[in-house]
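S.K.: As a plain string of letters, each chain reads:
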Amino acid sequence: MRLVRWKAVLPLSAVLVTAAVLWWMFLDTAIERAIETAGAEIVGARVDVAAAHLSLRRGSLRIEHLEVANPDRPMTNLVELGEIVAQVRLLPLLEKKLIVDTAVIRGARFGTPRRYSGALAHPSPTSQRLRGMVAGWASRLRVPALSLEGFSTVLDLSRLSADSLRTVTLARTLASQGDSLAKAWREDLDRLDPRAELDSTQALMRRLEQADLKALGVGGARDLLAQARNRVRRLRETRDSVNRLASRVQSGLDRLRQSAESLPAARESDYRYARSLVHLPSLDAPDLSPALLGDLAVERLEPILYWLALAEQYLPPGLDPRRAAGPKRLRASGTTVRFPKARTYPDFLLSYGGADAVVEAGGAVSGRYAATITGLTSAPSLYGRPTRLSATRAGTGATPASGSVLVVLDHVRQPVRDSVKAMLDGVSLPGLALPVAGARVELGQGFFRLDLVRQGDRLEGSLAWRASGVKWHRADSAQAAPVAGAARGLAPLGTAAWARELVWRALSRLDTVEVEVRVAGRAGGPGIGVRSNLGREAARALRQEIGGEVDRQERRVREAVDRLARPYAEQAQRRIAAAESEIGAMVRERQAELEAARADLERKIQEATRRLPVRIP
Amino acid sequence: MLFALKLLQQTVRTLNSEGTPTQVAAGLALGSALGLTPLMNLHNLAVLALIMVTNVSVPGAMLGWALAVPVGFALDPLFDLIGRRLLLETPALIPLWTALYNLPVAPLTNFNNTVVLGSIVAWLLFALPMFFAARWAVVRYRASLYPRLARTRIFQVITASKLYNAYRLFRPE
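Going down the list, the sequences are from chains A and B.
Using our numbering, read the first sequence as starting at 1 and increasing by one per residue.
Using our numbering, read the second sequence as starting at 1 and increasing by one per residue.
Quick caveat, the hints were computed from the structure, so don't treat them as lab data.
Please note: incorrect hints may appear among the correct ones.
[As the list claims (entries may be wrong)] With a cut-off of at most 25 Å between alpha-carbon atoms, the simulated DMTMM-like pairs for lysine to aspartate or glutamate come out as follows:
1) Lys96(A) to Glu89(B)
2) Lys183(A) to Asp254(A)
3) Lys328(A) to Glu516(A)
4) Lys96(A) to Glu32(A)
5) Lys604(A) to Asp199(A)
6) Lys421(A) to Asp562(A)
7) Lys96(A) to Asp48(A)
8) Lys341(A) to Glu299(A)
9) Lys341(A) to Asp76(B)
10) Lys604(A) to Glu89(B)
11) Lys421(A) to Glu460(A)
12) Lys7(A) to Glu89(B)
These numbers come from a predicted model, not from an experiment.
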């Protein structure tokens, strides 16, 4: 039987040639789909390519009109690139690696509107996880509320009850602990009651005094003395037991006293709780800035944290095997594992890219930029140099401005070091909505600074905006509300109109707005601090307007809390003191009785021993 | 459509001139690779070329493919497990995978996917037992089952139909 079916070689060749022709015909489409799929996987939003063309002869890849949707705002493009022309190395393609020596990007625009939503029905698990992580951080972050609404000179403390106070709970616990400990100690002392032993000791001492040792003989005298010595030993043992109990009592009392020391802290917490019930505003400036601008700060930081996490995910340091979900197909996707190797090409490398970029108006960084990117790679450890993105502002024509952006992602080795520095002057700053004042401020042209440094798991830095000649507007809802009376100071204290009017009057006269958001902590969830002249000014105005009233009401709140909590706290202290005094006295009495009996008995033994004619061992 | 079917029938008939149990079994074993492993991968192009060029039963390969497809879907979790064990949980093999991954063409086979690698390894392990079992079964079929089937009415109806044209390829010479 023939092993090879020679007549099939021709049809096979025809099949292979057909496959090659089909591959050639659909290569560009396959590249488009690959870019769209990989891009969507990374970004977490739609990536669309109008056309792609790979020229194997020239080793060039041309991509037309690439749109990357903003995952946070699906109807806006994060970036829209008119044309990318890249010089691609051909041999690494056989290793499934894309090595781009240079790329020229023309017509890059940021923040452009989209015709249709860029949201994905099923975002990649990685982007979902990172988005969930950032959203979790935002929801965990506690932005203090500045709620003037409900503030009133008539303080309603009806909801404040003894059961709702931590001081009362703690005091009750302490009192009950004191009682139960005292009871247990009393029982222990009863078990160690030495009266019977002391009576026997007295009897033994009398016997020792009255005994005629000569008449008892050597054996009788020895037995009597042995009994006396045993009694001394038992007295010592009982005394040691009482001493041990005394130590237990002491440590128990120490614990109670320690717990009692936290009563003032509990009281402070109760003051805060009571304040929250009656909407007393805090008038400290550092408190007001987060309340006024905290949500805004979180909103601005969320995308930065997301992109930093994304960079960590897709530009990992080291050469360990990397896992990713397998390709989408009818069969199970499985896991695709990549095995980077030293002195070989990474899966993706863009050595140098240059772009002429425009950020659409309306954003904080809008304008025209000349940008370069170097060393963007999926395996920074193989490339050995950090990824650098730099952009220099080229001015917008109508508003001369300057600025620069420098992003360095050093993932060559652990710990990763990222830094983002941006300094832009004369840029169009976005407006700020201030619901507390029922207002919106248009910042106009101003200064923007971003300075973030991430080292390993630590993130530190700040964002700042500064604008002069700002314009204040009433928000629509505030205009719709009946504020006419409030403007003349007629709105009742504690109403929403009164609160909005108060803050509006304080802020709307400001000509300059300065906001600084400080970030520090874990890269996955840093803490933030907000400082602004808006917060300072609002606090000053509030203090002027209602400071005296707030202080007076705060005192009333404290008094109300004290009235409820004090009896319980005092009772707890009394119980502890009583336990200390009663049990302490009992213990000391027992110790003294036992010690005296032991000393007397030992003296009697010595006297008896001296009376003996011979020494008895 | 009819023309395409006729052409296919003709091509199959031409390619499958000898349908011995060994050829059918070899075809089944090779064809099962197409069904057990994810189809759109480079190794399956090689398997397809083998089916066409070597003198195995093409209908046997098609049958093996058809039978193995549902088995492949059902066993994907097992293949994933095998692939995961080999690719990620066997440190001794990592240098091998790393070297392969950085060779030309090898990464295009997607060997670094757990389901692909797991299914290929499973197929390689079962190909020989499958071959011998199929050969034994075909021999038994042709010796005992076929003569009885040939006398049944349904079989006679089928043999009169177009479908039988394809079935003839399995018929004993």
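S.K.: If a hint holds in the structure, say so; if it doesn't, say that too.
M.R.: Here's how the hints hold up against the structure:
no.: 1; hint: Lys96(A) to Glu89(B); verdict: 24 Å, holds
no.: 2; hint: Lys183(A) to Asp254(A); verdict: 17 Å, holds
no.: 3; hint: Lys328(A) to Glu516(A); verdict: 45 Å, violated
no.: 4; hint: Lys96(A) to Glu32(A); verdict: 16 Å, holds
no.: 5; hint: Lys604(A) to Asp199(A); verdict: 15 Å, holds
no.: 6; hint: Lys421(A) to Asp562(A); verdict: 51 Å, violated
no.: 7; hint: Lys96(A) to Asp48(A); verdict: 22 Å, holds
no.: 8; hint: Lys341(A) to Glu299(A); verdict: 40 Å, violated
no.: 9; hint: Lys341(A) to Asp76(B); verdict: 29 Å, violated
no.: 10; hint: Lys604(A) to Glu89(B); verdict: 83 Å, violated
no.: 11; hint: Lys421(A) to Glu460(A); verdict: 12 Å, holds
no.: 12; hint: Lys7(A) to Glu89(B); verdict: 46 Å, violated
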